[in-house]
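Once you have looked at the hints, place chain B on chain A.
Protein chains in written order, with my numbering: chain A, 2 to 578; chain B, 2 to 578.
Not one of these hints is a red herring.
Label-pair ranges, simulated between beta-carbon atoms:
#, chain 1, residue 1, chain 2, residue 2, range
1, A, R199, B, G95, 29 to 39 Å
2, B, V501, A, E75, 37 to 47 Å
3, B, L239, A, D101, 18 to 28 Å
4, B, D522, A, E462, 57 to 67 Å
5, B, T21, A, D101, 28 to 38 Å
6, B, G237, A, P97, 31 to 41 Å
7, B, G95, A, S495, 38 to 48 Å
8, B, E207, A, R199, 49 to 59 Å
9, A, G237, B, T21, 52 to 62 Å
10, B, R371, A, E376, 22 to 32 Å
11, A, D100, B, G95, 32 to 42 Å
The set of hints was computed from the structure by calculation and includes no laboratory data.
Yeah, the Cβ is synthetic: ideal placement off N, Cα and C, and Gly gets one too.
Protein chains: 2
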Amino acid sequence: MGSLRIGLCQVDVVVGAIDTNVGLVLDALATAEEARCDVAVFPELTVPGYPPEDLVYKARFVEDNVAAVDRIAEATGDCVAVVGYVDVERNPDGTPAADDGRPILLNAAAVCAGGRVVGRYVKHELPNYDVFDEKRYFTAGTEFPLWSIAGVTVGISICEDLWIDGGPVNVLADGGAQMVININASPWRQGKVEARERVINRRIAETATPIAYLNLVGGQDELVFDGTSEVRDADGELVARAGQFVEHVHVADFEVTAPKPTTLPVTTVTTRPSASQEGLPPVLEPLLGPDEELWDALVLGARDYVHNNGFTDICFGLSGGIDSALTAAIAAEALGPEHVHAVMMPSRYSSDHSVTDSEKLCQNLGIDARVVAIEPAHGAFLDMLAPSFGDDPPGLTEENLQSRIRGVTLMALANKFGWLVLTTGNKSELAVGYSTLYGDTAGAYAVIKDLWKLQVYEQAEAYNRRAGREVIPASIITKAPSAELRPDQRDDQSLPPYEVLDPMLVELVERNRTAADLVADGHDPEIVTRIARLVDIAEFKRRQSPLGTRVSRRAFGRDRRMPVTNRYRGNPRPPTG
Amino acid sequence: MGSLRIGLCQVDVVVGAIDTNVGLVLDALATAEEARCDVAVFPELTVPGYPPEDLVYKARFVEDNVAAVDRIAEATGDCVAVVGYVDVERNPDGTPAADDGRPILLNAAAVCAGGRVVGRYVKHELPNYDVFDEKRYFTAGTEFPLWSIAGVTVGISICEDLWIDGGPVNVLADGGAQMVININASPWRQGKVEARERVINRRIAETATPIAYLNLVGGQDELVFDGTSEVRDADGELVARAGQFVEHVHVADFEVTAPKPTTLPVTTVTTRPSASQEGLPPVLEPLLGPDEELWDALVLGARDYVHNNGFTDICFGLSGGIDSALTAAIAAEALGPEHVHAVMMPSRYSSDHSVTDSEKLCQNLGIDARVVAIEPAHGAFLDMLAPSFGDDPPGLTEENLQSRIRGVTLMALANKFGWLVLTTGNKSELAVGYSTLYGDTAGAYAVIKDLWKLQVYEQAEAYNRRAGREVIPASIITKAPSAELRPDQRDDQSLPPYEVLDPMLVELVERNRTAADLVADGHDPEIVTRIARLVDIAEFKRRQSPLGTRVSRRAFGRDRRMPVTNRYRGNPRPPTG
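Bound-form chain A, shown alone:
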């Protein structure tokens, strides 16, 4: 047999921040070197950050990222660094090669040791579905190199390469790898950790080869990455697991398979004998439960968005409802309560308990709170519009007006004090367009946009449970949902109860079903036809709504690219023919 000592380097790199990212790598590398690791592994596209999107079309960005890999390589000694970057195919004269005017870019891992880049692996399988656009940018690799590290023959692969039955990981193992490293920028969603474990176990069952799985940690626009890196031995036993949603250099010793005949080319990277025979006791960080995992994802997604966009403080509209209460709790944990500014903006229709509940929440969270009553602007607009509106009775226009006055108020405070505005809408609202564009959708980041309303309740209750007290007052959780834009308004006057609505929306939004499908399932035709239509016509609002953390299998955003102009209704058809 043989063994290796690996440093699983879960770094929270930021897209575009090449120098910062290099700094994070060098720090982690020093830690791994000090721990006498044989190899320190870093996430997919470590240097540019993931996903860099159209930044890779900037030739200078790609050059800067290649140069940064050289800087990392210079710092390496006997501990091998496996670092993700964008490589570019070159002509014999060193200039970037092009295909029909577009540069040929590669999603690559540099293998660095002894002060230099020893070689590279290029990702074979390029995902181009869901949130992924990798065929837009990258050309697939065609080679399967192996690497000799501390006497062990190692295969290196990248993310999607792991997911393909009989794919690159199998080729590397069959070709002689005694273990396979897989570096990732694998976005988290509910159930993703379990899905990943199934895939890793399937690959190991097929190849009888240990796999070291390393994942990015951090938030990037809509995506959040959970880390949760791990090593499993040739029997599929877990021998190392790093924490979830935390930066971490996790050092582990593990046994590899016995040397096999190699049918793939092997490059010798290092020959220093491994320290792993010491056999560090395995450290397996526990997995979080589903509620905590979701909570940590939302906290990290919000924190990284705010901080990485150069802000420290946020403000938001606190209505007395559950959505803004949960958003407040997440923001307080993500940024520290002293950086969170709640703004209560009562109108002529706001209930008294909305303000008192809100004040209590702010005290419990220790966040800044202020009240800006919107009546002066409300009255002024109604006067300004009276010549146009005439005697038309008040309706949706006037409801939207109040919401927009709140949006303007929040933006003014944010502009004045350099805060970022968080929005508080949930996925159910966003799905059916139960929101006011430029009103409650106005803001830079939508913290809970991918939580169905019922999940908002679950998260609020789980939060209080963990805290052991009603940080979010029970009255906020139990009262009937209302936008409070007209007297005695309640959500269930316009929408079915969320217990009925949410499961319907899951089918329509996350499972690509149509009204006709739901009718065939036995749902009420009138209701599903109306709800499906609301979902379709709200697309124009969603396109102008802020980013927010993706936590589901299909979030609004890059994940679901529906046309705005779309006349398909998917309604049941009368039988034809």
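Same frame as chain A, now just chain B:
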């Protein structure tokens, strides 16, 4: 030799409107049949509309579109219909086949005649760059069928298949096609018609085979399609051209090459002798000049967006500046002046001539105009915010406030009267973020968002020239650009003159260059560094800004997918090492 009579059917189909689209096809088919065409050709993805985006993930949508092809086929007789649709691979039992849980979808052309679907061609080359995501949805074709139509051996291909040197069109011609049909949904941009002609001529030069090029017409979200279908003979001579930006069934007779040995499978579709020996005189619609072509693109893009989203009337903020004036002129032509509602919203800082110039423009265009002074709301907000703002002197916050009050006012009018709001910002503003989110960016469609400021001037002047009078008053064209949000404000106080700014922005936005690249070109380092940074940090505003017609090689939108969280600045680096 031999010849064919073709019906080039430029129909303006709408995404998702399957029944409407079938109706358009049947009408055009009847026209082609009546003209004794041998073949009537329709655009790529005729039935679902282009691009259907994630609609194709709805299994029922795909089934509905397949059923619609059958309805079209039933109506065919001796004139062959070539119709674009989404096909799905099936298992032996007829259920949709799947690859890793995803259905296997094909961008296909149905060949219909004699009341049935005779066969299909599947697109080989799937564009996945710029605005295109076809590898997200489709699996590439692998077969090269030929079709015998009225005694002529015909090849059928789809869009990108034409653009590849030695690609599918060459294979079809080399395999025995006496002419090749290419059906398209090829988005227009400036210079696209010339680029297409070069490609068609290159294919003909390689294959000595006539090509019939059929393109979609109409607007769909960001894209506009120009039609401009044509037929060129084996010498590359133009023998038919349909109009630009108009629906059209253009009938043409043309000679094909002499029969060649066929090495590809041939399916006989029709045997009725062609009427084309009559030799209809060729009709070549003239090409528009560059200014008119751009104008027609903007008019059609705006018209189809408004109408296809179910609106008849629009409103917009008319400021007295050139951007809103040009938008007004485009809207009046697109929708009819009686459907256009200009709203002047003077503030305490508005100049008198802004209102008088605006009133004159409205008279000239014959559009509705109203004035809503924003002072009441402006004063009310300042009072409401005074406790928070204290003695802080007025600045950007107060400027944004005015713009947002205008946004709220427009939205209230739109909500009340069922209008759609058009925004008036140009590409230069959008690039550097010289706009107020939820203020002047509030609206559903941004008519001139892909025109640089200098192009806005050119279009306004060209429009007046064509009209033979100053429909857009000269004073609007000649005055210094100003947002009029503080006393004596002018754009050039914050930005370089547009003559300097626009060419810089073209490099940064359309050519993926960086500040460091522009410094290397000799630009002022301080200015380009500042401008490049503005472009980067304005990404969060652009993500929440409305759709608008793409007319350039790289528009903001699907075409340019930059991360919001992006710390790359691309600044010149001090020399290292």
